[in-house]
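Protein chains: 2
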Amino acid sequence: MGHRLPLIAQLREACPGDWVQDLIAGTVTAILLVPQGMAYALLAGLPPETGLYASIVPPLVYALLGTSRALAVGPVAVAALMVANALGHYAGGDEARWLTGALILAAETGLLLLLLGALRMGALVSFISHPVLSGFTSGAALLIITSQLRHLTGIDLARGDAFDTVHAAVAHIGEIHWPTAAFAATAIVLLLLARGPLVRALSALGVDQQRALTVSRTAPLAVVAMATAAAAALHASGVQGLSIVGAIPAGLPRPDLAFLSAPGWIELAPSAALIALVGYVESVSVAKVLAARRRQKIDANRELVALGAGNLAASVAGAMPVAGGFSRSMVNFDAGARTQLAGIVTAVLVGLVALLFTGWFHYLPQAVLAAIIVVAVARLIDLDGARRIWRYDRADGLALAATFVAVLTLGIEIGLVIGIGLSLALYLWCTSQPHMAVVGRVPGTEHFRNIKRHTVETDPRVLAIRIDENLYFANAGQVEDYIARHLASAPQARYLLLVMAAVNYIDASGLEMLEHLEEDLTHAGVTLHLSEVKGPVQDRLKQTHLYARIADRIHLTTDRAVRSLTQETEPT
Amino acid sequence: MGHRLPLIAQLREACPGDWVQDLIAGTVTAILLVPQGMAYALLAGLPPETGLYASIVPPLVYALLGTSRALAVGPVAVAALMVANALGHYAGGDEARWLTGALILAAETGLLLLLLGALRMGALVSFISHPVLSGFTSGAALLIITSQLRHLTGIDLARGDAFDTVHAAVAHIGEIHWPTAAFAATAIVLLLLARGPLVRALSALGVDQQRALTVSRTAPLAVVAMATAAAAALHASGVQGLSIVGAIPAGLPRPDLAFLSAPGWIELAPSAALIALVGYVESVSVAKVLAARRRQKIDANRELVALGAGNLAASVAGAMPVAGGFSRSMVNFDAGARTQLAGIVTAVLVGLVALLFTGWFHYLPQAVLAAIIVVAVARLIDLDGARRIWRYDRADGLALAATFVAVLTLGIEIGLVIGIGLSLALYLWCTSQPHMAVVGRVPGTEHFRNIKRHTVETDPRVLAIRIDENLYFANAGQVEDYIARHLASAPQARYLLLVMAAVNYIDASGLEMLEHLEEDLTHAGVTLHLSEVKGPVQDRLKQTHLYARIADRIHLTTDRAVRSLTQETEPT
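Sequence lines, in order, name chains A and B.
Per numbering that gives the first Met the number 0, the first sequence starts with residue 0, numbered consecutively.
Per numbering that gives the first Met the number 0, the second sequence starts with residue 0, numbered consecutively.
Hints are computed from structural coordinates only; laboratory data are not their basis.
We treat Cβ as the ideally placed atom computed from N, Cα and C, and that holds for glycine.
Misleading hints may appear alongside valid ones.
Footprint (simulated), chain A over chain B, 3 or more residues, beta carbon under 8 Å [stated by the list, open to error]:
#1 118-129
#2 266-274
Just a few of them, taken from the derived set where beta-carbon distance is under 8 Å, the chain A residues facing chain B [as the list claims (entries may be wrong)]:
#3 Ala122
#4 Ser128
#5 Gln542
#6 Thr556
Produce the complete structure using the sequences and hints provided.
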């Protein structure tokens, strides 16, 4: 179990040199987080300081309570888009209401995660399948990119769905504001170059790999610094129309609980539930990946509590909903984070920026923040994964594609709900069309296999059918029909043997089907036998009328069943 | 396949004396159907002749197309209540609109069933589990009984939910109309006596069982005749306030397609979909039961077509939605129906009544029709079944109880939808908490069983775990956790053997879990082996990266796997 506060346990287990690693990792992450935090606040439609505040208090809370050692908590792109989407309906053009709404969302997200944690319902989130999450993330990334078109081009585009936005951008291409577009294009090119090419170039020049990567990670802050300087110079020379971040109030977040009495808690609750779900799933996914790399474990229910507390803290600190970000956590891990001390370092450094250096970002062009967003989320679009999933499983591929399309056309919330519903429906549909096989003995063994796949021995008096699915309401009728069809074409059969090795559950409808089957077979002069009934299934069958009738016809193995049935009927 | 028209095939196969049986059965059913048809029209809020019309043309159409030989098609109680419920919202107090709405519902029900039949989607209806259907039917029966309180007592009660109605009836108990209540009470007592006690009394007097049953079945018509005579006498003697059926237009239904251009098709479509679902499930359930008794088969997709055509015919013939009634079909079967010739006889006889004898029902008290409804539907409340289901499976019991309560409190449509949704969710929840077991060899055999249930041999180097569920998104995380927990407490394990005999499906999320597991285990110095992988599962695995890595570690049987792994590591 470790200490009640996981951080204490982490620090006790840490090696002497680990704190240096944590210091470096925390600094690298902070350098990435300052521009990203402001950018994601912009994406959520909130003032930039909100993103900074969300990068100070929530990571501190998570550092104390979380079981992942490298998860970097703060504002994340997809949740930011979901916040923007929810607040668009809630607040319209009223800026004060946007901020209030963001606090309500953070509080509700936190409460919901805490509730799920208290109920130990961490498993609930497994109802988002990987394909649905992949389709959702890719769709959301595209939505995010189109939402940034107005910042990238300076064209005055209304908020709308992805297609409307692209269409409007093309229609109004003449209104492009060239200085804005130039900043955006330059920033995108520099950020892309800073990834692969810069690292390769530095390595070629003899810089060691680790140092090259660290330089690469400071690129966003370097781009921000250069762009801000350039924009300030342009401003001095009289260029007009470039949207800049403007005045950011200096100082640390001050607790303000006025939002508690604001209206809209019920209206925003469904959005908060989806933000909680998506944020938690993203956080736990990356936390699991990172834990596995160092043979550590995370505790899903404690993660619920830690993220819940982090979001509650965000609401009190005047910030926006937070989660563990995928790319940021990877950066933290790769930079050497060993414990959540790294998270504390990050929070303290971002706090210093908020306290002392916000004035430096006055002339930062919004186009550059948009460029940072676009480059970050473009990596979320996972075409390779989609192709692999489609090849492996058509149903999963369909769920992925439908989620992706629904997110783009119907919106991020409805898209997610449709994806989850569809993946559940497809799973049920698959299990309602169960695989079944007539089986026979692999010669000379005790094993029975599908007669269509293996060379096996059968006895015309015994029809042995293996049911490869749970027997429940959605497939009981199909199973009954399959058995009836095969009995009709096996006129010599005197025994029907159902091999139950793959039946893990029989519900009341399945039981009723077996009872009717047994009665019908008795009338037709065929006796029903079962083999390899699993322990839990047999326990429940024991209380039924069916069991009373066929208890002596339930065999431990198919081999013994077939032996006794064929001996019994031999004329010797 | 038989003839394209199943009736022709039935008649060709019939024995010479069968048509006499059919004539008798058709007559008995018609005697039951005339009062029931009018009663169910009353329940649906429609004029009594609608119920007669629904008992003429639709059974004729079903007789031609249906694959069940004994199913008696016509107005049924639960569907009638659903019609009343849908039309209450649609038509309010406008009588003409009630009739138009009923025709639209019948047409939409018919079209939907035909569509499902054309798509061969008969299996879709299996998504209503037996417990949900049982809870739904019991709840609907109670709703029906309370809806008849105003006819039984003469108290002027507004339509409302079951509790409101009972509450209002108790509050206004002083307004009871005693002649009405006397008719109702007498009719209920006579109808109940006519069932068991009358048959037993006649048998005791030496009447043979079959004849006694036939007499018992004419009881509703006898009660109707006596009550009508009594009401006419009371009317002549000046008693006021007894609700009677009144004038029923004589004649056969005349096709009228004016409803085609009426508004409300979209508004009524969801209700029609639920009526189609419930009507089809009820029809197919009883048809299956009756077919099995004579070793015959029904064809679910042809049933969809036959019932769809029957409902379309009902809409054209000015009637209400129809289905195969449970009790009426049992009567038809017990009275000896061999082919659908019996259905034709019934239709012709009801047609004669509509043509010539409707005037005879003028003074029939509505209280008596209500009594017929109450006695008929009271049998639908299945407490024994509910108790049995609860004992066998808590999840199914919960679905049943929730459906029952939801139908009573939230209404018949929402109740059904909640029941279906809940039963699906509960099934997924069960499969998301899979049963898993560490297994060992049953000494001296090739079989491996749960170490907790059997005395088995294990080798500390091999951790063999059987997964008793499909590996899919909702349980992949749980399975991973279970494996991690057991590996952690088996420090000597060098091989993890997953026994896949009960895994019928691995979706993309399950595959991803296995891939991560394999990587993690490799780092930890444990190798992953699989055994008893089913054919269809293996076929799909073959295209994956995982298969490329572990193809030589997939064993046909657990026995061979354990043998090779334990030999391999022995120091010899």
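Here's how the hints hold up against the structure:
Note: the region 118-129 of chain B has 6 residues with beta-carbon separation from chain A under 8 Å; the three-residue rule is met and the coverage holds. Taking a C-beta to C-beta cut-off of 8 Å, the region 266-274 of chain B contributes 0 residues in contact with chain A, too few for the three needed, and the coverage statement is violated. The interface hint given for Ala122/A is met, as the beta carbon of that residue sits about 6 Å from the closest beta carbon of chain B, less than 8 Å. Taking 8 Å as the C-beta contact cut-off toward chain B, the hint placing Ser128/A at the interface holds, the least distance being around 3 Å.
For Gln542/A, the shortest C-beta to C-beta distance to chain B is roughly 6 Å, which falls under 8 Å, so the interface hint holds. At a threshold of 8 Å, the smallest CB-CB gap from Thr556/A to chain B is about 6 Å, leaving the interface hint in force.
In summary, the structure is inconsistent with hint 2 from the numbered list given earlier, while agreeing with all the others.
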